[in-house]
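Asks: Chains as they are written, first to last, in my numbering: chain Y, 1 to 251; chain S, 1 to 251.
It is possible that part of the hints are untrue.
Remember, identical chains collapse to one label, so a pair may be satisfied in a single copy or spanning two.
In the DSS-like style, the derived pairs of lysine-lysine whose C-alpha atoms are separated by at most 27 Å in a straight line are [stated by the list, open to error]:
id, residue 1, residue 2
1, Lys154, Lys246
2, Lys228, Lys197
3, Lys108, Lys246
4, Lys108, Lys154
5, Lys230, Lys197
6, Lys154, Lys27
7, Lys228, Lys246
Everything labelled a hint here was simulated from the structure, so no lab data went into it. Every value quoted in this text rests on a predicted model; they were computed, and no experiment measured them.
2 protein chains.
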Amino acid sequence: MNDNPTAAVLMIGNELLAGRTQDINLKTIAERLGSIGVRVCEARIVADDSAAIVDAINTLRASYDYLFTTGGIGPTHDDITAQCVADAFGRPLLQHPQAVKLLQDYFKSRGHDANPARMRMANVPEGGTLIDNPVSVAPGFVVENVHVMAGVPKIMQAMLENVLPDLRRGSMLSSVSVQCDLGEGTISAPLEALQEKYGSSIEFGSYPGKEGVAGRLALVARGTDTEKVKEAGRDISAMIVSLGGKVIEAG
Amino acid sequence: MNDNPTAAVLMIGNELLAGRTQDINLKTIAERLGSIGVRVCEARIVADDSAAIVDAINTLRASYDYLFTTGGIGPTHDDITAQCVADAFGRPLLQHPQAVKLLQDYFKSRGHDANPARMRMANVPEGGTLIDNPVSVAPGFVVENVHVMAGVPKIMQAMLENVLPDLRRGSMLSSVSVQCDLGEGTISAPLEALQEKYGSSIEFGSYPGKEGVAGRLALVARGTDTEKVKEAGRDISAMIVSLGGKVIEAG
Numbered sequence: 001m002n003d004n005p006t007a008a009v010l011m012i013g014n015e016l017l018a019g020r021t022q023d024i025n026l027k028t029i030a031e032r033l034g035s036i037g038v039r040v041c042e043a044r045i046v047a048d049d050s051a052a053i054v055d056a057i058n059t060l061r062a063s064y065d066y067l068f069t070t071g072g073i074g075p076t077h078d079d080i081t082a083q084c085v086a087d088a089f090g091r092p093l094l095q096h097p098q099a100v101k102l103l104q105d106y107f108k109s110r111g112h113d114a115n116p117a118r119m120r121m122a123n124v125p126e127g128g129t130l131i132d133n134p135v136s137v138a139p140g141f142v143v144e145n146v147h148v149m150a151g152v153p154k155i156m157q158a159m160l161e162n163v164l165p166d167l168r169r170g171s172m173l174s175s176v177s178v179q180c181d182l183g184e185g186t187i188s189a190p191l192e193a194l195q196e197k198y199g200s201s202i203e204f205g206s207y208p209g210k211e212g213v214a215g216r217l218a219l220v221a222r223g224t225d226t227e228k229v230k231e232a233g234r235d236i237s238a239m240i241v242s243l244g245g246k247v248i249e250a251g
Numbered sequence: 001m002n003d004n005p006t007a008a009v010l011m012i013g014n015e016l017l018a019g020r021t022q023d024i025n026l027k028t029i030a031e032r033l034g035s036i037g038v039r040v041c042e043a044r045i046v047a048d049d050s051a052a053i054v055d056a057i058n059t060l061r062a063s064y065d066y067l068f069t070t071g072g073i074g075p076t077h078d079d080i081t082a083q084c085v086a087d088a089f090g091r092p093l094l095q096h097p098q099a100v101k102l103l104q105d106y107f108k109s110r111g112h113d114a115n116p117a118r119m120r121m122a123n124v125p126e127g128g129t130l131i132d133n134p135v136s137v138a139p140g141f142v143v144e145n146v147h148v149m150a151g152v153p154k155i156m157q158a159m160l161e162n163v164l165p166d167l168r169r170g171s172m173l174s175s176v177s178v179q180c181d182l183g184e185g186t187i188s189a190p191l192e193a194l195q196e197k198y199g200s201s202i203e204f205g206s207y208p209g210k211e212g213v214a215g216r217l218a219l220v221a222r223g224t225d226t227e228k229v230k231e232a233g234r235d236i237s238a239m240i241v242s243l244g245g246k247v248i249e250a251g
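Bound-form chain Y, shown alone (with noise of 0.2 Å):
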């Protein structure tokens, strides 16, 4: 498990931290991600602050195997993505060549003009390789180990999935999660005893509803040995009957 890639994901807007948006963009990348072995260890939103965002590309950047940008990639003057990951790593933002003929010809075809502004979707900086768009077909980019995405989840959905088969894989990750209806007080100790029965192989987690009742806690292992993952749903299963209570649920 501790082997497997790493990765952090910078989700960027203002919106976000104003409430207005509810981001469901680091579930899938989380999700996405986690299906070929890449771990992610860490997320941040900032503003649509250049300071901001250039920190947080150049901390997490140097601290992961792979940083996952989303946002900020638009037409519009609060789109500073690109230059920012440009400042990052100090090289000059250029028009890709291949992004500007993408463009042009979508633009055309749908009878827009090819303004500076659309245009500006071409910035990438310096060495940049494209990320396919097939939404809407303005491109992402990805630079060293930066994979910068668009923040429209369809968008970032589609480029993620054209990113994947480039990273390298980690051990897959299993987990079973076991719902009960005991509370977390009640499975404290056996819980930590098993945590120390498996070690680090396996991640014992304890998960209350959303509610904060008693009645729906979900207790879940996971771990990259499936063998030993369904041995710990087992043992999470028989500690709770041992204790008095009813597994809702396992799998």
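Mind docking chain S on chain Y? Use the hints.
Replies: Just chain S, lined up with the frame of chain Y:
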């Protein structure tokens, strides 16, 4: 707007980075703080890892007027937030007498044993004050400018309401959102001109719909001067019409 108190949010929990749990707390915190003029400037999500939590707490509490944390204050082995806050401040973690009493009474009334795991929820860094939890009693706490809350949304929301009256208020931010049928590439230059006209008193944003397709672009103006925000909204609507677009909804 720039004199308003600033805040950061630190969300703690492996489940948020594993794609298991969709966070909904950030949006609530941003909305509620925004309603009293406190601006959320940054958010981070870290795993149940002491070093990562302590580091994030110390960076964020030094950078903003307030820090709000969610998660990791339950009774299980992966709930390490209280210890991490104590470590971040270099203070001992102590049983808080008032919390001990609250929890003992609560467990007694429910016929639960006040076992060591449950009583861990009375641990508070030296000098901390309690945040009342009307849902499930186990309190949050405040140490200087750091507000430690539960991760379960219903409990977090109740704790947040209990904390709001103690915060310094800023000028209320109001906003208008105008939906139109134009693309971002069409409105970009005139929207930037509006941004220049209003300067830093109004913040203009442009947000395409979730699907990334045309027909539902939201143009938003935010600021502390309500009259100026309304005027900016009227300017946005006039801009849309002058570009041959249709105002679908404004408010």
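Asks: Each hint: holds or not?
Replies: Hints versus structure:
no.	hint	result
1	Lys154 <-> Lys246	between (40 Å within a copy, 24 Å between copies)
2	Lys228 <-> Lys197	within (12 Å within a copy, 63 Å between copies)
3	Lys108 <-> Lys246	between (63 Å within a copy, 23 Å between copies)
4	Lys108 <-> Lys154	within (23 Å within a copy, 51 Å between copies)
5	Lys230 <-> Lys197	within (15 Å within a copy, 62 Å between copies)
6	Lys154 <-> Lys27	both (13 Å within a copy, 20 Å between copies)
7	Lys228 <-> Lys246	within (23 Å within a copy, 59 Å between copies)
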